[in-house]
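Enquirer: What follows is the residue order along each chain.
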Amino acid sequence: MESTVVAREKPRAAGGAKQHPSGDNRFKMLEATMKRHQYQADALIEVLHTAQELFGYLEEDLLIYVAHSLKVPPSRVFGVATFYHFFSLKPKGLHTCVVCMGTACYVKGAANVVTAIETMAGVRSGETTGDGKLSLLTARCLGACGIAPAVVLDGAVTGRQTPDTVTQLVKGWLE
Amino acid sequence: MELSDLQDIARKERESQKPIRVRCCTAAGCLSSQGQAVKSALDEAVAANGLEDRVQVIGVGCMGLCSEGPLVQVDPAGTLYERVEPRQCASIVAALDGGDADANVGDTTRPFFTRQVAVVLENSGRIDPERIESYIAADGYHALHTVLHDMTPAQVVETIIAAGLRGRGGAGYPTGLKWATVAKTEADRKFVVVNADEGDPGAFMDRSVLESDPHRILEGMAIAAYAVGASQGYVYVRGEYPLAISRLQTAIRQARRMGLLGTQVFESPFNFRVDIRIGAGAFVCGEETALIRSIEGHRGVPRPRPPYPAASGLFGCPTLINNVETYANIAPILRKGAEWFASIGTEKSKGTKVFALAGKITNTGLIEVPMGTPLRTIVEEMGGGVPDGGTVKAVQTGGPSGGCIPQSALDTPVDYESLAQVGSIMGSGGMIVMDEQDNMVEVARFFMEFCMDESCGKCVPCRAGTVQIHRLLTKIRDRRATDEDLATLRTLCEMVKQTSLCGLGQSAPNPVLSTLRYFPEDYRALIGAPSEPSANGAAPRTA
Numbered sequence: 006m007e008s009t010v011v012a013r014e015k016p017r018a019a020g021g022a023k024q025h026p027s028g029d030n031r032f033k034m035l036e037a038t039m040k041r042h043q044y045q046a047d048a049l050i051e052v053l054h055t056a057q058e059l060f061g062y063l064e065e066d067l068l069i070y071v072a073h074s075l076k077v078p079p080s081r082v083f084g085v086a087t088f089y090h091f092f093s094l095k096p097k098g099l100h101t102c103v104v105c106m107g108t109a110c111y112v113k114g115a116a117n118v119v120t121a122i123e124t125m126a127g128v129r130s131g132e133t134t135g136d137g138k139l140s141l142l143t144a145r146c147l148g149a150c151g152i153a154p155a156v157v158l159d160g161a162v163t164g165r166q167t168p169d170t171v172t173q174l175v176k177g178w179l180e
Numbered sequence: 162m163e164l165s166d167l168q169d170i171a172r173k174e175r176e177s178q179k180p181i182r183v184r185c186c187t188a189a190g191c192l193s194s195q196g197q198a199v200k201s202a203l204d205e206a207v208a209a210n211g212l213e214d215r216v217q218v219i220g221v222g223c224m225g226l227c228s229e230g231p232l233v234q235v236d237p238a239g240t241l242y243e244r245v246e247p248r249q250c251a252s253i254v255a256a257l258d259g260g261d262a263d264a265n266v267g268d269t270t271r272p273f274f275t276r277q278v279a280v281v282l283e284n285s286g287r288i289d290p291e292r293i294e295s296y297i298a299a300d301g302y303h304a305l306h307t308v309l310h311d312m313t314p315a316q317v318v319e320t321i322i323a324a325g326l327r328g329r330g331g332a333g334y335p336t337g338l339k340w341a342t343v344a345k346t347e348a349d350r351k352f353v354v355v356n357a358d359e360g361d362p363g364a365f366m367d368r369s370v371l372e373s374d375p376h377r378i379l380e381g382m383a384i385a386a387y388a389v390g391a392s393q394g395y396v397y398v399r400g401e402y403p404l405a406i407s408r409l410q411t412a413i414r415q416a417r418r419m420g421l422l423g424t425q426v427f428e429s430p431f432n433f434r435v436d437i438r439i440g441a442g443a444f445v446c447g448e449e450t451a452l453i454r455s456i457e458g459h460r461g462v463p464r465p466r467p468p469y470p471a472a473s474g475l476f477g478c479p480t481l482i483n484n485v486e487t488y489a490n491i492a493p494i495l496r497k498g499a500e501w502f503a504s505i506g507t508e509k510s511k512g513t514k515v516f517a518l519a520g521k522i523t524n525t526g527l528i529e530v531p532m533g534t535p536l537r538t539i540v541e542e543m544g545g546g547v548p549d550g551g552t553v554k555a556v557q558t559g560g561p562s563g564g565c566i567p568q569s570a571l572d573t574p575v576d577y578e579s580l581a582q583v584g585s586i587m588g589s590g591g592m593i594v595m596d597e598q599d600n601m602v603e604v605a606r607f608f609m610e611f612c613m614d615e616s617c618g619k620c621v622p623c624r625a626g627t628v629q630i631h632r633l634l635t636k637i638r639d640r641r642a643t644d645e646d647l648a649t650l651r652t653l654c655e656m657v658k659q660t661s662l663c664g665l666g667q668s669a670p671n672p673v674l675s676t677l678r679y680f681p682e683d684y685r686a687l688i689g690a691p692s693e694p695s696a697n698g699a700a701p702r703t704a
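Chains G and V supply the protein sequences, listed in that same order.
To convert, take the position in the first sequence, counting from 1, and add 5; that gives this note's numbering.
To convert, take the position in the second sequence, counting from 1, and add 161; that gives this note's numbering.
Quick caveat, the hints were computed from the structure, so don't treat them as lab data.
Keep in mind that the hints are not guaranteed to be accurate.
[To be verified] If we take Cβ atoms under 8 Å as the criterion, some of the chain V residues that face chain G in the derived model are:
id : residue
1  : A256
2  : H459
3  : G526
4  : I593
[Unchecked claim] Example chain G residues on the side facing chain V (calculated, C-beta under 8 Å, incomplete):
id : residue
5  : L49
6  : F60
7  : Y62
Just so we're clear, the structure is a prediction, and the values are computed from it rather than from any experiment.
Where is the CB? At the ideal position from N, CA and C, for every residue including glycine.
Let the hints inform the model, and build the full structure from the sequences given.
Expert: Next up, the structure:
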């Protein structure tokens, strides 16, 4: 079992980050983060942040790897990864569109923006299109209430959006 | 680092100031409307005209009026340019010596600016948040020096008690009392924690303070740590705020390099280390016991209190937890004295409060007003009322834990007690204005959906109760409900309020109860014989 292989190769105290059996260099960077936190269990959330940044999402093997490295039960790692909205256990699409659903954005029509994209792209909020091109997500509040409704398009926050302006922008991604 | 070094830095910083300073907002709101491009264009225009030795372009934090961003202000003239586009920057620079620029000039004499009293936001929009020298030149870290060399921890706690500062996270617990409790508890290890998990939808004060003036929080934390006897601090900040996180990281690095954090701060025996913990998107983590679990690397699930974190908190040690805005008040109190602070505000609510004004309002943005300012002044005078001649229907304060205040109660002064009397709370300071188009059943349902999703699931009243309340509200919205459902809704709300484990569940019914109290017609219009729903899904108002 892969997990036992990982468990046997416990992180060494010195001598730099170790190589993961897969040869994937991203594991090296993940190791570096864990090492910085001295493999302490309370750094779990920090480590998952780094893991998601490196790999895009938290797949099962990755969670098991983290569990073994930090010497915490996999159940706790799963528990934490599924508890927080920020962590995703499914891969994201090529492009992401996050519509802010904070109160200010809501009263200024954010729900209509979501509906417009859902209809146009044939995807439901929180899901990714079949061809993997677009993930449509909603955020609780971006704290950008001054420019409501706010939409994050591939990481860039844009303000004062309408159903028309957003669908125009997203349409380009789907072609 | 000693006092003379600090004064040297401040003097050099002031001397290096050029005669004309162009301040450009680089906080999140303005950045997302091309703020960075505006700053670059200003830099280019200054260089192109060979004005580098006279003119300085500074990236600053939030200037408050977010809806008109990106904002650019020129010192010493004070001219404020609104909605600046990069192509207008050349003309702004050309107009520095007089003349008109091809850009919108904002009126700085309007109530939005003149009614404000800046304590927490005194440096916001004035200093460069990415340079510690800029903060030091604005008297930064002087209070910390005074505290470490001229005051005992007990004197610091007494000063905070005398100032009458109350927690700005929402509940309004007296800050000095909290500090005194942690200080009194005997332990080898203690912690100070900043709650920067601003999860209330519609609130962005904490974000703005962290992005505009991060050193102020570090200084406040260090003073608190000295007062209660802690040597380690954590800032628990939302993952949704990447700019705030990066500016905080920069600030910690700079302060550490100058010996203002770390071992022997200001050559005194006081050691203080600060680490950042990034939240991962769970509203319940704003609750202090849940936040502690999250810092420890667990699911953010609350536990019953007592014991309070002041007795047993992070890793079982006494822990002081305060909100960002609370810490932001500390340095000014020690710099200017407890009497000065206590002279602002009302008898029971001292000082100022920062509000994030948003929703159906002309001037959206951040304001800071003395406690006790009537809601009407904030919404109508400063905020400029509802755009396009609409009327205010309700003002929602305190997010999902708060309530909706009706138009008829707009004369309520904003202080902890008065807001509680009208069935709402101060909360962290989100203020959303709603107009006649907003249906209050929809609004209540929106908040309940939020609480239902965010309930951690540990206790049944909150886990199951929020789902049932949401179902009932949906039933009402869909015109399938009866009078009996309305009665059930009331009972259920009261039960969830009284039996939930933590603040999330205890306050989740507030938006429902306050809308039931003030807008019964919105509910009643949807009960009984089904009629034609209006075009936007909102209920027609009964005559």
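Enquirer: Which numbered hints does this structure break?
Expert: Structure breaks hints 1, 6 and 7.
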